[in-house]
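**Q** This is what each chain is made of:
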Amino acid sequence: MIRRSLQLLAATAAVVALAAPASAQTIAITGGTVALGDGSAPIQSGTVVIRDGRVVAAGQGVAVPAGAQVVNAAGKWVTPGIIAGFSRLGLADVDAVAGANDQSSDGPFSAALDIAPAINPNAAPVAINRAEGVTRAIVAPSTGKSIFAGQGALIDTGADGQPVTRGRLFQYVELGEQGAETSGGSRASAHALLRNALREARQVAGGTAGGRSESGRSSEDPREDPVVANPNENRTYEARRNQDVLLTRFDAVALVPVVQGRQLLLVHAERASDLRQVIALKREFPRMRLAIVGADEGWTVASELAASGIPVIASALTSLPNSFESLGSTHSNIGRMRAAGVKVSIGTINDDEQRMAFRARWYAGNLVGLSRLPGASGLSWGEALAAITSAPAEAMGLGGDVGSLRPGRRGDLVIWSGDPLDHLSAAEAVYIDGVQQPLETRQTKLRDRYRTLDRGVLPEAYRR
Amino acid sequence: MTRGLIGASLAALALAGCATTGAADKDDGERIRIASDPFPSTYQPYPGAPIVITGVTILDGEGGRINNGQVFLADGKIQAVGQTVAAPAGAQVIDGAGKYVTPGIIDVHSHLGDYPSPSVEAHEDGNEATGPSRPEVWAEHSVWPNDPGFSRALANGGVTALQILPGSANLFGGRSVTLKNVPARTMQGMKFPGAPYGLKMACGENPKRVYGEKGGPATRMGNIAVTRQTWINAKAYKRKWDKYEAEGGDVPEQDLAMDTLKGVLEGKILVHNHCYRADEMANMIDLSKEAGYRIGTFHHAVESYKIADILAREGICSAMWADWYGFKMEAYDAIRENIAFVDRAGACAIVHSDDANGIQRLNQEAAKAMAAGRRAGLPITEEYAWKWLSMNPAKAMGIFDQTGSLKPGKNADVVLWNGNPFSTYTRPERVWIDGALMYDANNPRIRPVSDFELGQPGEGDVK
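Line by line, the protein sequences are chains A and B.
Under UniProt numbering, residues 1 to 464 are what the first sequence spells out, in order.
Under UniProt numbering, residues 1 to 463 are what the second sequence spells out, in order.
Take every hint as true, because none was put in to throw you off.
Stretches of chain B that chain A covers, calculated by requiring three or more beta carbons in the stretch to come under 8 Å of a beta carbon on chain A: (1) 116-127; (2) 146-152; (3) 336-342; (4) 356-364; (5) 416-429; (6) 456-463.
Hint data in this document are derived by calculation from the structure and do not stem from the laboratory.
The beta carbon of each residue, even a glycine, is placed where N, CA and C say it ideally should be.
Okay, chain A solo, but in the shape it has when bound (with noise of 0.2 Å):
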């Protein structure tokens, strides 16, 4: 029985790979347990339509339009597809291998680096995660030589080798123990590092932006104030700049965008007072849009990120004072800082984020278990999804895009065999942008191969 389901499917993913992309398609999926993803409970019973790539409707008594192809889900779970909050899918297939990972770069670039362009939708790590439900992922690069790695993305898991959904999202920079690191080996050296940084990208930019001018005037001459609409784009090449900058000019044009609030800084931070130093750069730069991933002692100074608004991408279960900038770290992190109001949500921060994504959903499920532990501070079942898809969406601006059900979001959507936030659960069939994708992998595939060990006719080679 379960093995024909597991040929049906196989069957099913065979036919989608083939076929070309029915996003034009009406889809409606009916009878299961619905999760939108946005924080509330499960509904029983209801129906998700997507039509064009989009969510039109999702919850009881939904209607199923004429003609929809209609999914029957009863007795499933059907919920967004899970947003890795923090990763670095796509850029390695096996990390040890220098050639196939492209994390983080030495070379003489670092805000500039815009990490699109390295992302391979063939990595292995893509179809494993895609197979988990992991349909969309926050994408950063890691920091070379710089305390700034450069542009991620947000990128999608699909198969169709168009991975990028929107390049440049945010710019990533490390400011605690990492940032000291690179930046000569204190926090003091990262800071003014990243003043440098922000005042040559201002100059860049003309004085006028990020809040201050620096001249005082403003020039009508172009090169010297221009509206960079692109980063990548050279007009900015005579702009006038002081002579002891550490930044090239392409990467202090690439900051530009990050000074006039046009991009989103995302900075890696876990200390109490990293954090609180982090708040502060919200005053300091009052045009800057900030988020924060990591914040391991983030309960610590919970009311403080909640009054700032700074979003915080945390992982779900450090517990351990693995480093001097974590020693307060508790799985009830991201429980008292949601009860405390930050705007919070699950990434895997230095937890095997190139190819791990797909746990998010149990830590999520951990989270929802602490709840009834004496003293601790999990999540209910429906911020816990939540943590996993809209909210983190949200905190990089594009939870009108993705990461929910609700009308209008990229149909994104899992049916799970069951409660997706636990371990005896499985995605039975993932859509990205209204298009069903195939669930193969390396690891299927493998499985199928040596399912049994008998000697063949032929060697194991010849099985597919």
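Starting from the known structure of chain A, arrange chain B on it as the hints suggest.
**A** Only chain B this time, still in chain A's reference frame:
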């Protein structure tokens, strides 16, 4: 002055690495014998009270299950397990309705204490990466009992015993030590009484990566050559001592490295072989037969599913992760069904962590493996899957006569879970080691706080 002294002792250490007369005892005033236990366990069970848990789902660790059953613990031992048990009137009664009781989880592969938290360079004590063959080092001498990781494994993971292995930089990494997961001032205070030593061996990428630029071996063939030559030397050493013990005469020079290998050849020390790939495991099996020792367990074993029949035939355990894959070439062919497929072939399957975080959720790792196996059509029950977490690792570590299942007379190493332990929603509620309550989720006083954590943010907090 101080610097000079340190230099001198380093030089002495370097010499000692080759040959030394170390700890040796006089025996009967005649033969010199090599001390087999120079760092003996000082572990003493903590006091416990008679306890009966009623109305609980019992997974006995050997594949048995009792719904709505009872467990009776007293005098540090499991006294009775059944639908109902006879217990004295004074026993404390715990209502286990809706909860599960299992044997404590045993992790066959941990580096807690040797790579403790905080993981700073000053704490990196798990790899004696100064030569590819270092069987003379003992992991116990690196164990820092204050590692906060021990308490997390206890409170979040229900881990009651664990084997600390040296790392995999070396072909011969040194001796392992088995610990009771109790807070103690010294390593000896945690040492599991009567547990045999293990020898950590490694094949594959790690030794060749570490030594490729340090004089070798730099290849897999180099790994095998150095390993074989080392066993040849060990057999010669053993012959010398065997002759001396039988006939007397000149006392052979003692060599700590060779002592460990001699112990393996005598079957007193169990081999734990870090090895990922199926073809490499087959090489190591042939090598072990040539050298005359038995491989107890392949660790990491991500390709065991490809040779599960061979492993079953050879009686070798595989210690595996549920879902780790792809971090290096030799982990590229990992599959979710590995544990289930190895088990199905009749080979010994173990869920291991090798990780200070993973050790806190080995029950959930087993759940993933069980779920993958079920989806592949194997009808694996919860009570059966628990064998991967207690019975099989206890056997691999040579302590199954004392712990690893809920049988009367065994040590009362027991976890009461606040729900189904295969669920993400479940945590340990209480953990007993030798019948002593070492963790209680409802009582903040029964929550270990290591010396390192005193005065730090979150001291004594739930973790």
